[in-house]
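Asker: One-letter residues, chain by chain:
2 protein chains.
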Amino acid sequence: MIQNDYYTEENHGTYEMHSIGDFELEDGGMIPNCQLAYATYGALNDAKDNVILIPTWFSGTNIAYDPYIGEERALDPEKYFIIIINQIGNGLSSSPHNSPTPVDMANFPNVRISDDVRAQHQLLTEKFSIEEIALVVGGSMGAQQTYEWAVRYPDMVKRAAPIAGTAKNTDHDFIFTSTLMEAITSDPGWNGGNYQSCEEVADGLKRHANIWAVMGLSTEFYKQKKWDLFEVNSLDEFINGFLQPLFQAMDPNALLTMAWKWQRGDVSRMTNGNLEEALGRIKAKMFVMPIDEDMFFPVRDCEAEQKLIPNSELRVIHSICGHFGLFGGEGADYFNQIDRHLNELLSTPV
Amino acid sequence: MIQNDYYTEENHGTYEMHSIGDFELEDGGMIPNCQLAYATYGALNDAKDNVILIPTWFSGTNIAYDPYIGEERALDPEKYFIIIINQIGNGLSSSPHNSPTPVDMANFPNVRISDDVRAQHQLLTEKFSIEEIALVVGGSMGAQQTYEWAVRYPDMVKRAAPIAGTAKNTDHDFIFTSTLMEAITSDPGWNGGNYQSCEEVADGLKRHANIWAVMGLSTEFYKQKKWDLFEVNSLDEFINGFLQPLFQAMDPNALLTMAWKWQRGDVSRMTNGNLEEALGRIKAKMFVMPIDEDMFFPVRDCEAEQKLIPNSELRVIHSICGHFGLFGGEGADYFNQIDRHLNELLSTPV
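Chains as they are written, first to last, in the UniProt record's numbering: chain Y, 1 to 350; chain F, 1 to 350.
You can trust all of the hints, since none of them are fake.
Quick look at which bits of chain Y chain F covers, simulated, 3 or more residues with Cβ under 8 angstroms:
#1 171–182
#2 206–214
#3 288–298
No wet-lab data here; the hints were simulated from the structure. Where is the CB? At the ideal position from N, CA and C, for every residue including glycine.
Looking at chain Y on its own, in the form it has when it is part of the complex (with noise of 0.2 angstroms):
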């Protein structure tokens, strides 16, 4: 275990740890006392039907689903029983830096999209009671959950709503995705994952955060210079004072452990390769959500599963953020978008 300050309550807001015990993971190895980090917002009522459920993407946490959520928006505490549950390896929840031996560090096993859902699934049964969830909403890696949800528990789930992520990960996101790996792992300072300080990886966490700045984001947003949507002025100010402080102040093993796991997102892997056969069994209610400007989850790719899905629409979200829409900087414009498909999928009976 290290130390990382990053963290804490204190940036990711109140959050409850829940133990689902020694939980064994599908690739083999398992994490001992594996601990979920959730947060909550409104109640679950007497029937237990209120529920919704956001899983987190690639270094987020519960935190950035709070723009999400609000009286009087789709995702209304007032009306819903609203659990953020934090992906294993993302800093929160049991990972890395925050395990002790046997799988501290370098030692944490590979963990898979499956294996998060199951963890989850335990969550909600164990310490909630819950059988039915009224939507699984959730961006990027919370959409390959989201869909692993639909696809491994099709009876519990009755609405779902991926935003800019696929049930089956291409080869073209997996080889972006090693690009980011490499970037952190080419660091001497990140010494096989035995580091002490995420400071020594300063270098990789860098070149990791400025590959996204080309992926992440779209070539609209640095011609028209939307710099003001993150809050900055310039685009050296978003590169360097936004984008680089941001992902060096994370745990290197946090990202591998999740790059990992996003690399090998893929519903198919329930009904041997059979990819039409594992989205066929989806009995949710789904709006597909494709970001139109996402560079690595394109519309069209997202589309071409979307067509798989026996109860679905597609739903195509406007960012000139393109992936990074998710981060809600363009805030009414993209949320109002949000909402509007959210509320629609929320009212409808199924």
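Assemble the complex: chain Y is given as a structure, and chain F must be docked to it using the hints.
Answerer: Structure of chain F alone, referenced to chain Y:
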């Protein structure tokens, strides 16, 4: 100087060398006895009005344009005197690895697109007494040089066809190119530019290739598994068997010299930053030819510039290979488009 067996006539076809003497650079510094490597097809006619000039792209040499040229093609050596001039720093013309002190290796000065175009102008006028160019055509950094030619020597350039490139490099292109450079300079073997062999920088060159894999093609190329367009059979072969060895054979400092130049291509340097004024100077009939799937020279960026060019048309090329469409892997599907537009351009009276 160090030996690099990649830069031979065996690999790049026959070329001539011409010295333009001691060549002063726009950013300061000078290349003593600066050598330009050039290849020609066909013969210069008596009127010296049948010249087609082709500048090279990043990492490419004269040989890369061989599939663009042929009898009954637009670029027909039976009709035209076609001259391909290798850009400074590309490994064949004066470059870090082949230059003696005081400009060897890490001491090689920064070179700009404008330097290349001035050097090429000197070659054409000194060596061949050419005063008129029927067509300047080039891809990517070759397009950057094409724009520079049309703005810098408007009376000399009669027609111009920049393919998959811009007149003023974008911020997004700048940061993308930075990641390509960081992949190399982060390799301890690069040693500030003073290695003994490119093999010492193999890891950095591999990461460089991997980033090209993400941005150089298109998501659809990977989705449709179009490996056969590069004469390989799998994703693994495409990355590990084609792209990585390709870049690992090249000189790291050469790639860095070209990348620095690419980042700063900007015809508005001639007009105090006024792009509209610079492009307004162009007298050539110009076809602006972006590739529809290009991830970093997108059509809309090229179209915005085209609208500022008096006698120009937008001619979009389709290629599932994105920017690497330039490599011509699609054969007739690609070259028929190029030939059709260039035939029309060449038959336009000016």
